[in-house]
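Visitor: For reference, the chains in residue letters:
Protein chains: 2
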Amino acid sequence: MQVDKLSGHLVVFEPSGRRGRVPHNATLLDAARELGEDIESVCGGKLVCGKCIIQIDKVLSARHGIKSAGKSLSSPTKKELSVLKARGLDNSFRLACHARVLGDVAVFVPETSRMAKQVIRKASIKRPVKLKPAVRKYYVEVPPGSLKDPLGDADRLTARLNREFGLANLKIDYDVLGSLPPILYESGGKVTATVWMDQRVVRVQAGFIERSYGVALDIGTTTVAAYLCDLSTGDTLATAADINPQISFGDDVISRITYAMSDLDGLGKLNHEIISCIGNLLADLVKKAGILPGNISEIVVVGNTAMHHIFLNIDPSGLGRSPFTPLISSSLNVDSDSLGLGHGKSLNVHTLPIIAGFVGADTVGVLIAEEPYKQDKMALIIDIGTNGELVFGNKKKLLCASCAMGPAFEGGNIKFGMRAAPGAIEKVEIDGKTLDLRFKVIGSDKWNTQSCAVKARGICGSGIIDALAEMVRTGIIEQGGRFNKNLSSDRLVANKEGPAFILARADETATGKDITIDINDVRSVQLAKAAMYAGARILMDKLKIGKPDKVVLAGAFGSYINKENALAIGLFPGCELKNVYSVGNAAGEGARLALLNIDKRREADDIARRIEYIELTTEPDFQKHFVKALQFPASNICRSK
Amino acid sequence: MQVDKLSGHLVVFEPSGRRGRVPHNATLLDAARELGEDIESVCGGKLVCGKCIIQIDKVLSARHGIKSAGKSLSSPTKKELSVLKARGLDNSFRLACHARVLGDVAVFVPETSRMAKQVIRKASIKRPVKLKPAVRKYYVEVPPGSLKDPLGDADRLTARLNREFGLANLKIDYDVLGSLPPILYESGGKVTATVWMDQRVVRVQAGFIERSYGVALDIGTTTVAAYLCDLSTGDTLATAADINPQISFGDDVISRITYAMSDLDGLGKLNHEIISCIGNLLADLVKKAGILPGNISEIVVVGNTAMHHIFLNIDPSGLGRSPFTPLISSSLNVDSDSLGLGHGKSLNVHTLPIIAGFVGADTVGVLIAEEPYKQDKMALIIDIGTNGELVFGNKKKLLCASCAMGPAFEGGNIKFGMRAAPGAIEKVEIDGKTLDLRFKVIGSDKWNTQSCAVKARGICGSGIIDALAEMVRTGIIEQGGRFNKNLSSDRLVANKEGPAFILARADETATGKDITIDINDVRSVQLAKAAMYAGARILMDKLKIGKPDKVVLAGAFGSYINKENALAIGLFPGCELKNVYSVGNAAGEGARLALLNIDKRREADDIARRIEYIELTTEPDFQKHFVKALQFPASNICRSK
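Line order of the protein sequences matches chains A and B.
If you count by our numbering, then the first sequence holds residues 140 to 780, one letter each, in order.
If you count by our numbering, then the second sequence holds residues 140 to 780, one letter each, in order.
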């Protein structure tokens with residue numbers, strides 16, 4: 140657009156404040172494109188989408204010193220008026236694609252007309268997210284072929300997309316070509332093209348189609364969660380989750396990797412499990428949201444390194460031995476067909492990058508959700524699991540590490556340990572004087588001291604933390620982890636492994652046997668929490684920081700635990716309780732953000748290479764910190780409630 | 140590379156003459172890259188490939204005014220000497236990757252060390268072609284993963300490729316990942332990566348692999364031809380050809396399109412035929428050349444619009460009705476897997492673009508082989524077939540058209556017409572006085588008047604042209620196409636369709652019946668040649684040119700016909716005989732060029748959009764020219780031999 144500096148008109152867009160001169164008679168949509176203002180327009184001026192609504196505001200013009208001597212915009216046509224009327228809008232509104240600039244003017248662009256909408260995140264710290272998905276829909280009217288325009292059907296489509304939306308050098312996917320003739324025929328050339336990354340036409344549909352959908356997938360070792368998002372609004376329309384069926388091949392990543400390495404086609408079997416699980420989740424999502432399966436346009440995936448590799452059906456055996464090398468750490472775009480994730484049509488599957496070893500795409504998801512690299516505060520972000528992951532730092536420098544915690548907090552290596560399932564003791568409170576206690580089990584709102592219908596079957600991670608913290612607080616366990624021999628209670632017993640403490644008496648349990656915490660259970664917890672603590676300590680030492688400004692507990696487990704008790708047993712370095720946050724499934728949230736905004740993918744690729752990975756096992760001070768951290772902290776922390 | 144203008148040394152490369160200053164101690168290979176001199180190097184300086192040999196020449200240095208006061212290059216190491224010795228080279232030769240610049244120097248780059256080798260084309264007009272294939276091989280040594288370098292295996296590979304060959308932003312194909320771990324393991328990280336368009340790693344092989352191969356495919360309506368080329372030398376190692384098996388569904392493109400449109404899964408059946416035919420040709424090629432099927436890295440395809448669409452398994456029905464719109468006219472890169480052309484691994488299949496309607500990728504192949512857009516001479520390029528294609532113009536402007544010639548020159552609509560197969564009369568000479576004649580049949584070197592063992596079965600296109608030209612020349616046929624009633628000969632007979640001329644008597648034929656040319660046959664030839672002539676006339680009129688500077692007969696048919704006789708019957712506008720060239724399968728040659736040099740693909744994309752397509756059926760003057768061209772030209776042309 141050639142702008143004559145003298146004869147052009149001033150156009151100001153609010154609230155962005157973008158301004159500049161445009162030629163007489165340019166449309167406001169052209170002006171917006173010229174001046175870099177992102178106004179939504181799906182149909183490119185065909186009065187079909189009604190997306191590019193703007194508001195004329197004289198006060199606004201006056202504020203910018205614009206005096207309207209005559210008409211500053213062309214009069215609306217009947218058609219434009221009917222579109223506006225159908226949306227219940229008065230005559231202060233116009234369609235940017237039809238309003239032509241006749242004089243200086245300032246206009247207001249409502250939120251709904253902005254291409255980059257603000258989506259409020261669901262996670263703890265609400266932060267707006269711009270909508271900038273990889274797939275976008277464009278409505279065009281493709282003229283029929285003629286003797287004067289001998290280009291192919293597909294070429295006339297891409298030429299239109301280029302002319303109306305500036306999408307140059309578009310390639311059309313081979314598998315789109317097959318469906319093109321009947322679609323063009325039945326629609327009379329009025330079609331909606333789905334374009335990926337402004338590079339490839341990945342789908343063509345008859346008529347004006349506004350919405351497109353994507354799925355964010357978080358493949359955890361235990362749980363697989365899927366979120367169906369509307370890519371035109373950012374809304375999450377449905378969620379679905381299931382147990383990772385690979386669990387029958389082993390509880391933790393190491394046993395899965397071992398299975399993949401040792402069994403003939405072990406990888407294939409594990410991959411088959413996760414692919415069919417995801418297939419079911421996708422079917423569940425589209426059913427819940429009431430959309431057609433074929434309308435999903437993209438999938439973004441996070442998961443730890445082993446889950447990532449097994450999902451991609453690529454060899455994870457490098458992770459099974461030092462130096463724990465992944466096969467690939469970069470983000471990938473893979474065709475769903477190659478992964479056996481067909482929904483009848485191929486779509487792009489984007490996996491977030493891996494940092495190093497076991498610090499995988501899930502941690503990258505947490506990072507782009509929490510954005511510690513944009514903050515001044517020194518944040519410690521931890522994800523508790525058989526492998527614990529740690530991130531420490533701020534916008535100046537970020538470090539990360541992985542530590543082997545063992546399965547204690549997932550119920551493993553704990554005599555009565557179990558997963559967080561109905562019947563698991565999840566909360567424990569001990570009376571300091573009587574050493575009597577009360578507990579809550581999953582599946583019941585009430586304490587066992589009230590009339591609780593659900594009997595205890597075992598104890599899960601959050602219950603273990605509570606029990607240990609309370610046992611330390613009440614002096615049942617000494618700082619070193621031994622049972623205090625000077626206390627007496629009928630809950631303190633001795634079994635063949637040594638001393639133990641009864642949490643649930645036989646009559647309160649489903650098995651009819653006491654549920655206890657014994658000395659071995661205490662040791663398992665000590666090993667787990669010391670590994671995490673020492674890891675955090677190493678990262679903090681590297682940055683010469685004694686105390687984190689905040690601690691972020693990522694992962695579902697982090698939202699279930701009592702933060703105070705976690706601090707009490709020394710799961711992580713001390714920090715004021717008010718600065719300890721549980722952010723839930725931040726990895727899944729990261730996947731959702733990357734699905735909604737391609738800039739977040741670039742951010743992910745960038746941070747995955749910028750963050751420094753610290754291999755804890757080779758750190759000289761790790762053993763020293765670890766041994767020290769086996770101790771329970773001096774119990775100066777009182778229960779606040 | 141930072142070059143100190145004062146302290147750097149002058150390096151001159153010959154014969155290109157590229158020159159510039161490089162820092163002290165830079166390798167000649169680095170100097171070449173810096174100065175834009177393309178020196179081949181597959182291993183990037185690991186003394187594995189021996190590709191970057193250059194020659195020191197004092198005379199050369201002197202010519203550039205370089206006086207060597209001391210040593211201008213570092214001394215060769217033992218290893219370098221052993222590589223040179225193994226190749227029988229004396230001490231005037233060096234490896235550019237190991238020779239370091241210590242002073243001003245001029246070096247000679249032998250042909251074999253240049254990245255862009257000159258390949259002499261096989262076609263009539265020999266023209267050198269640069270080697271610049273889409274797939275290239277790079278040898279790298281990938282260091283093992285370590286705790287200090289936690290990047291994934293694939294990422295360390297691409298990082299090396301970037302560091303050593305400047306291949307930034309490389310993506311690794313998903314299907315390469317699966318094979319990577321065992322290859323890296325067995326080779327100790329010493330691998331050769333095959334890279335497509337400097338963008339994607341499409342294959343990784345253990346060890347140093349020098350050669351890669353590609354196939355050029357010309358899918359004709361009648362014949363499919365395949366050429367296996369060595370992409371590192373440009374040589375054609377093997378050729379294979381077969382009858383297009385779709386022929387059982389109809390001889391010409393229209394009948395194939397009709398079948399694809401009318402039969403349930405007609406397209407699928409036609410596609411299946413051509414894909415299995417190509418599969419056989421590929422198997423034949425690799426067998427002949429003695430290479431592994433998996434070593435083919437790319438396939439480039441030409442063919443007319445219908446063959447192109449059916450090969451891609453996309454709907455050709457737009458071609459079956461006016462305005463004859465293709466489904467896609469752009470060039471495509473499609474994965475061989477999608478096309479069912481698997482050789483166990485996926486490879487890129489590149490199709491040249493289509494111009495318009497029936498002027499397809501085969502004509503584009505002819506164009507990039509003949510390059511009329513680079514020449515001053517006004518060239519008329521014709522490809523004779525049921526649909527004839529015409530190109531006319533020069534570097535200023537090029538026009539093209541397609542004309543319906545009917546099947547006369549392929550033996551169709553001719554009473555005794557047949558394809559060019561054994562037994563077909565291919566040459567005819569008539570004695571002007573006696574009206575006696577002699578003929579040659581395919582399958583015999585001798586004339587029928589000598590003792591010829593092969594009996595005539597019919598007459599093929601070149602025989603028809605000869606017969607008609609001779610019948611006109613001897614006055615058997617008048618200018619308007621009627622038989623001259625005033626002549627008498629026992630060869631001139633009357634059958635129920637009207638007058639006829641006996642070419643082969645019953646005792647000379649395999650059927651025991653006379654082979655004749657009758658009045659209907661003459662009409663068929665008149666219609667065919669008039670269509671081609673009138674088309675050419677229209678294009679010439681558009682450019683206001685009365686006579687082409689040269690006529691190029693493209694296609695296999697063009698090489699079989701007697702050019703003089705073709706002129707005599709008026710198949711194309713008059714031109715001096717010496718300026719009429721047969722260039723054989725120029726379409727296939729174009730495919731080969733596009734396989735060997737990606738610049739030719741850009742040239743193809745460019746010319747396909749720049750050339751102007753003229754729809755002859757809507758040209759007002761076409762009918763006038765056509766009617767006039769039905770006449771045979773005044774027979775002032777005498778047989779020269």
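It is possible that part of the hints are untrue.
Unchecked claim - Pairs of lysine-lysine, PhoX-like flavour, derived with a Cα cap of 20 Å:
hint, chain 1, residue 1, chain 2, residue 2
1, B, K686, B, K535
2, B, K681, A, K287
3, A, K287, B, K287
4, A, K218, A, K329
5, A, K516, A, K535
6, A, K310, B, K310
7, A, K536, B, K224
8, A, K689, A, K717
9, B, K287, A, K681
10, B, K484, B, K536
11, B, K484, B, K513
12, B, K554, B, K536
13, B, K310, B, K535
14, A, K594, A, K686
15, A, K702, A, K683
As the list claims (entries may be wrong) - For the chain B half of the interface with chain A, some residues (derived, Cβ under 7 Å), not all of them:
hint, residue
16, L286
17, D454
18, P462
19, P465
20, A495
21, G496
22, L682
23, I684
24, T757
What the hints assert, rightly or not - Stretches of chain A that chain B covers, calculated by requiring three or more beta carbons in the stretch to come under 8 Å of a beta carbon on chain B:
hint, stretch
25, 166–172
26, 313–319
27, 444–453
28, 508–516
By construction, these hints were calculated from the structure, which means they are not laboratory data.
If you're wondering where the values come from, they're calculated on a predicted model, not measured in any experiment.
Built from N, CA and C at the ideal position, the CB exists for glycine as well.
Visitor: For this structure, which hints from the list above don't hold up?
Guide: Numbers 3, 7, 10, 11, 12, 13, 14, 15, 22, 23, 25 and 28 - these are the hints that the structure violates, sorted from lowest upward.
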